[in-house]
Amino acid sequence: MDNLLLMMAPLFSSKLLIVLLFGTLFGLILGVLPGLGPTTGGALILPFTMTLDPLSAIVLLTSIYCAGTYGGAITAVLINTPGTPAAAATCLDGYPLAQKGEAGRALGMATVSSTVGGIFSVIVLVFFAPVLAKLAYEFGQPEYFALAIFGLTMLASIGEGSPIKNLIAGAFGILISTIGKDFMTSIDRFTYGINELSVGIGFIPVVVGLFAISEMLTQSTLLDQVFKRVALKAVKLPSLDDYKKTWKTILRSSGIGSFIGVLPAEGGTVASLIGYSEAKRFSKEPEEFGKGSIEGIAGAEAANNAATGGAMVPTLALGIPGSATTAVILTGLIIHGVRPGPDLFREQPDFLYGIFGAMLIANILFFIFGFFGAKLFARITLVPNKILWPMIFAVSVCGTYSLSQSIIDVWIMLFFGVLGFFMRRFGFSVVPVIIGLILGELVEGTLRQSLVIFDGNWLMFLTRPIALTFFILSFIALAFPLLRSKKQKN
Amino acid sequence: MNNVQNKKRANKSLPFFFKDEFKVFFVIIFFSTILLISTFTFDKVPPILNRGIQPATFPKGLLILIMFLTTIIYYLSFKNPWKKEKKLPKPFFLTISSFILFVIISKTLDFFLAISVLSIFVSYNWGEKRVFYLLLVGIIFPLIVFIFFEMILGLRFPPGIITNLYYY
Chain A
6 MDNLLLMMAP LFSSKLLIVL LFGTLFGLIL GVLPGLGPTT GGALILPFTM
56 TLDPLSAIVL LTSIYCAGTY GGAITAVLIN TPGTPAAAAT CLDGYPLAQK
106 GEAGRALGMA TVSSTVGGIF SVIVLVFFAP VLAKLAYEFG QPEYFALAIF
156 GLTMLASIGE GSPIKNLIAG AFGILISTIG KDFMTSIDRF TYGINELSVG
206 IGFIPVVVGL FAISEMLTQS TLLDQVFKRV ALKAVKLPSL DDYKKTWKTI
256 LRSSGIGSFI GVLPAEGGTV ASLIGYSEAK RFSKEPEEFG KGSIEGIAGA
306 EAANNAATGG AMVPTLALGI PGSATTAVIL TGLIIHGVRP GPDLFREQPD
356 FLYGIFGAML IANILFFIFG FFGAKLFARI TLVPNKILWP MIFAVSVCGT
406 YSLSQSIIDV WIMLFFGVLG FFMRRFGFSV VPVIIGLILG ELVEGTLRQS
456 LVIFDGNWLM FLTRPIALTF FILSFIALAF PLLRSKKQKN
Chain B
4 MNNVQNKKRA NKSLPFFFKD EFKVFFVIIF FSTILLISTF TFDKVPPILN
54 RGIQPATFPK GLLILIMFLT TIIYYLSFKN PWKKEKKLPK PFFLTISSFI
104 LFVIISKTLD FFLAISVLSI FVSYNWGEKR VFYLLLVGII FPLIVFIFFE
154 MILGLRFPPG IITNLYYY
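Listed in order, the protein sequences are those of chains A and B. Just add 5 to wherever you are in the first sequence, counting from 1, and you've got our numbering. Just add 3 to wherever you are in the second sequence, counting from 1, and you've got our numbering.
Honestly, the hints are just simulated from the structure, not real lab data. Beta carbons are placed, not taken as given, at the ideal position from N, Cα and C, and that holds for glycine. Each hint should be verified, as a subset may be incorrect.
[As the list claims (entries may be wrong)] To be clear about the criterion: a stretch of chain B counts as covered by chain A if any three or more of its residues have a C-beta under 8 Å from a C-beta of chain A, and this derived list gives those stretches:
1) 79-92
2) 107-119
3) 154-167
[Claimed, not checked] Distance condition first, Cα-Cα at most 25 Å in a straight line; then the derived DSS-like pairs of lysine-lysine:
4) B:K89 to A:K186
5) A:K238 to A:K139
6) B:K89 to A:K233
7) B:K47 to A:K233
8) A:K105 to A:K241
9) B:K47 to A:K186
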């Protein structure tokens with residue numbers, strides 16, 4: 006009962022409500038604009054959160070996360086271009102349905118299923134995160150090391166694209182985290198006499214570079230692209246028939262999305278693809294998928310929004326992000342002096358339940374904004390790229406500069422922008438780099454401390470049951486893509 | 004006759020060093036090797052202070068892993084060649100050039116000027132020819148962003164020929 010009251014706290018604070026309203030609106034705008042999204046938006050707004058108290062800052066970031074994930078559906082349905090990668094599966098049926106003159110129905114279903122998926126995942130978060138946090142008390146350094154390895158292998162295994170390329174990207178992310186002074190011995194690594202590098206490479210320049218600047222370069226190759234827009238009169242609530250047809254799909258996808266979100270993987274993107282394919286597998290009309298199936302929209306949208314709450318579970322309980330956006334939220338927590346993990350649940354329940362409540366309210370808010378304002382938000386995509394991207398560049402440069410007031414950070418951002426563009430061009434996902442970068446210190450620190458405990462004996466890892474379980478799971482995660490490709494060949 | 008010859012020429016597979024797979028393999032292996040060599044220059048911790056592993060060991064392990072995995076993807080590309088990417092268009096190279104211009108101007112002249120020049124350069128090369136919109140993205144918007152960041156975060160931008168006029 007106390008926890009429920011704590012969850013409702015944001016409703017009674019005018020400051021938090023304003024932050025929530027702003028975050029939801031900002032998240033929707035970011036979600037609608039193809040190429041931007043909650044990860045880039047969160048990274049860009051991070052410096053401004055310094056002016057807020059920790060709870061307001063995290064509420065702002067989480068509301069951007071929830072609304073941004075939903076916002077991608079608006080452009081997916083109306084211009085056949087996903088606003089965020091997580092909305093890619095929504096295009097498959099959303100746009101064909103819109104072409105049939107039912108854009109309002111498609112967006113209505115996307116809005117309802119996103120809201121249900123989002124709320125479902127917050128419930129999972131409320132119940133599951135404290136359990137996982139209690140379990141984390143059993144974790145020592147070897148267990149944390151094994152868990153981080155499991156996270157990275159899962160990322161490689163079920164993430165987008167080639168597992169080996171994902172592993173390379175993850176290892177590269179960890180390698181970036183080793184730049185600067187070694188945190189155990191203060192010895193310089195990869196600094197090459199550049200003083201600015203001795204403090205390491207910041208998270209924000211890398212995120213903004215890999216997401217915003219690389220997207221700017223991608224847009225420079227797509228200038229000839231013409232969007233075929235579908236007119237939207239108004240968003241319609243799904244009919245009783247639509248509800249009857251889709252309620253099982255929505256619930257199933259909500260479960261899938263929450264589960265995928267909990268795994269340290271690619272959050273919403275993978276969740277929506279699995280949610281969509283499962284909706285097709287269980288459907289009575291699988292032949293309708295790809296031609297404007299309402300179940301397809303429900304399956305994809307419920308799953309990607311359900312991943313938001315799921316991804317917050319390991320972020321808050323273990324300090325291991327479940328997606329690229331939660332990596333930004335984790336950075337926000339660290340910047341504000343909040344250390345995620347089991348102690349947070351014991352010492353600051355009001356803070357945590359405030360976040361849970363804010364996520365719940367954000368899901369309701371984007372339902373209202375989406376339902377009444379989708380038409381208006383869709384108009385944002387009319388801003389031409391030749392105006393929009395130079396503006397985004399200006400904000401990215403100032404945002405990156407502002408955190409450490411270092412021009413080197415801006416150059417690092419540009420470097421990672423170019424690198425990110427070529428990585429994506431050759432099939433390397435940039436998400437593992439982000440996760441690797443944020444997990445790097447944890448991986449190295451726990452490995453080295455474990456070796457101290459084990460007196461340098463690597464085999465001692467196998468004597469710890471929890472660590473051994475994670476290693477076995479990591480092995481399965483790595484073997485899974487091989488088995489899958491063999492099965493596909495057969 | 005000419006057409007047949009042209010087709011034959013097009014069908015001839017490219018030499019291995021022109022293929023994307025090799026270029027990616029080469030770039031990763033080249034830079035990983037340089038970084039790996041540089042790890043041998045890291046200071047070592049005296050044995051009495053060395054608890055666990057040396058500071059260079061972990062990055063060495065990562066670099067060897069990256070090189071090993073890169074070799075695997077290159078080997079696999081013989082069986083499953085990567086799809087050929089389209090040639091990069093002119094605006095891409097102009098955008099990349101604008102980044103270089105940005106670095107030079109921000110280092111030598113002014114941070115604000117660098118943003119302005121890049122914004123106008125990119126916008127113009129992406130097809131915007133209307134002066135008002137060029138001024139909007141190149142001067143009005145960056146100015147708003149500058150003032151906004153300065154007021155909200157109390158940020159002080161690096162000195163330069165234009166920024167100095169604002170500050171003094």
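Outcome of the hint check:
Counting residues of the stretch 79-92 of chain B whose beta-carbon sits less than 8 Å from any beta-carbon of chain A gives 6, enough to reach three: the coverage restraint holds. Taking a C-beta to C-beta cut-off of 8 Å, the stretch 107-119 of chain B contributes 4 residues in contact with chain A, enough for the three needed, and the coverage statement holds. A stretch counts as covered by a chain when three or more of its residues have a beta carbon under 8 Å from one of that chain; for the stretch 154-167 of chain B and chain A the count is 6, and the coverage holds. Of the supplied pair hints, the one linking K89 of chain B and K186 of chain A is violated, its CA atoms being roughly 41 Å apart against a limit of 25 Å.
Straight-line distance between C-alpha atoms of K238 of chain A and K139 of chain A comes to about 50 Å, which puts the hinted pair past the 25 Å bound. This hinted pair checks out: K89 of chain B and K233 of chain A have alpha carbons roughly 23 Å apart, not beyond 25 Å. Our distance criterion of 25 Å between C-alpha atoms is broken by K47 of chain B and K233 of chain A, whose separation comes to about 61 Å. A threshold of 25 Å between alpha carbons decides the hint, and for K105 of chain A with K241 of chain A the separation of about 15 Å falls inside it, so the pair holds.
Annotation: proposed proximity of K47 of chain B to K186 of chain A holds, straight-line Cα distance about 13 Å (limit 25 Å).
Of the hints listed earlier, those the structure fails to meet are numbers 4, 5 and 7, in rising order.
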